[in-house]
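**Student:** Place chain B on chain A using the hints.
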Amino acid sequence: MQEFFIDPNRCIGCQSCVAACSECDTHRGTSMIHLEYVDRPISVQTVPVVCMHCDSPTCAEVCPADAIKRTGDGVVQTARKPRCIACNNCVLACPFGVPKMKVELSLMMKCDMCYDRTSVGSKPMCASVCPSGALYFGTREEIEHLRPRSQPVNQFQFGEQTITTKVHMMVPRDTAVQHVDVLSGMDERPFDDVFEGIE
Amino acid sequence: MNNPDQLSVPPDGRPYHDQPQWRNDFPIDWPQDEFVARRDFTKFLVLTSFAFAVGQLWIVVENFARKRRGQPPVRRIARADAIPVGGSLVFNYPEPHDTCIVVRTGPQQYFAYNQKCTHLSCAVVPDLGRGRLHCPCHNGSFELATGVPVAGPPRRPLERIRLEIREGDLYATGREVRA
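Top to bottom, those sequences are chains A and B.
Numbering (this note's numbering) for the first sequence: 5 to 203.
Numbering (this note's numbering) for the second sequence: 13 to 191.
Bound-form chain A, shown alone (with noise of 0.2 Å):
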C-alpha cells in the first residue's frame, strides 16, 4: 500500500509542490497545498502543509452542515458543495491548518491527497514533482530503505487532542518524539469538561 510521507527537513522551499498542485484538474489555478516558513525572521526553513488526513477529523467534527466526508480509503474529501455553508468553523478547527475558504465558490476546498490520481494508483502531484522528497508517496519499505534514519510518525498531540493521521510525518529515529504544548501559549486553560452534558 502507498501512503504519504512529509519529511519538512529536507523541504528547501522551491514551490515547486504549490505550482504542481494548482495543476490538479479538480481545483485548477488553485493550490491547497500551504508552504509555511517556521520562523522567517531566523530561518529560511520551509514546511510543506498538505491534509494529514486524520482517523478523526476535526474538520468533519465541527461541520454544522455535515458537508466534510471520508472516503472509504481514509481521505478527507474537499467539503460537499451542496452542503456547505462556508462557515468557516473547519478552517479554524483544523489543528494543521489545512482547510481554505474560497469565499468566491462559498466552499470549504482542501488537499484531497489528489483524489483523482491516487485512487488509480498515480502518485499525488506534490509528491511527483517535489525535488528534495520533502513530500513522498511511496511504500512504508521504500521510505525505510530511503531514509535509514529517521521514522515515520502518525500520532500528533495537540493540548488534550491526540490525532492520528492517515499521512505521516518523517522524524530522526533516533530521539524520542517530541510534541509542542500548544495550550502554553493560551492566558486560561479550556476547561477539561466542556462538552459534559452534550448528547
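Zero decoy hints are in this set.
Facing chain A, according to a computed beta carbon distance under 10 Å, are these residues of chain B, among others:
#1 D17
#2 S20
#3 V21
#4 P23
#5 G25
#6 D41
#7 Q44
#8 D45
#9 E46
Beta-carbon label-pair distances, calculated as ranges:
#10 B:R142 - A:P86: 41 to 51 Å
#11 A:G17 - B:R51: 50 to 60 Å
#12 A:E146 - B:L59: 49 to 59 Å
#13 A:H183 - B:F64: 57 to 67 Å
#14 B:F62 - A:S132: 50 to 60 Å
#15 A:S26 - B:F64: 42 to 52 Å
#16 A:D120 - B:D110: 51 to 61 Å
#17 B:G67 - A:S110: 33 to 43 Å
#18 B:H109 - A:D120: 49 to 59 Å
#19 A:V181 - B:D17: 26 to 36 Å
Anything over 12 Å on all C-beta distances counts as not near chain A; from chain B, calculated:
#20 R50
#21 D52
#22 L59
#23 W70
#24 E74
#25 F76
#26 R87
#27 E107
#28 Q121
#29 H131
#30 C134
#31 V137
#32 R168
#33 L175
#34 E188
#35 V189
By construction, these hints were calculated from the structure, which means they are not laboratory data.
Nothing here was measured: the structure is a model prediction, and the numbers come from that model.
All C-beta atoms, glycine included, are put in the ideal place defined by N, C-alpha and C.
**Tutor:** For chain B alone, coordinates are given in the frame of chain A:
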C-alpha cells in the same frame, strides 16, 4: 469495529454503538453517509404516498366546501362611467386582499377577473392592443373576453368576477372559479 464502512474513529475512541445517536445520524464516512436502509426507503415511500392520498382527499373536501359556501356578497365597485372605454380599475373582491381588475372594452362591455395569475400568482395587467391580460412575470397571456390562457406557462383560466350594472353603478355579484 464491526462495520467496514465505519472507518473514522469518534474523538473519544469509544465504539459506535456507545456513541450518541446524532453521531450515527450524521456519519463522517462517505459510504455511511450515502447509505439508505431498505426500511428507511420503504418508510419514505409509504409516508409520501400517504401524504399524496391525504392531499387528494383534502382537495375534494375543499371543493365540496367551496360549493357549499355559495357566492360572496354583492359589492359596489364604482360608477360605471368612471372607467373610460379602454381603461381599467383595480378593486378588491370578495375579501380586502383579493385584488381584481375590471376592464372596459366598449360602452357596455366590462370584464372583471381576479388579478392572480394562475401560474404563480403574479398580478396580471391589461394588454388591450392584443385583447389579452398579460402576466409580466413569465409572459403568460389570458384572453380578455373569456379569461382562458392563450400563451405562456399558465394552464387554468383566471377566476372570473360576475358584474352587474344597477342604476349606473358597477357591482361585483359573484365569482366563477374554473378549473
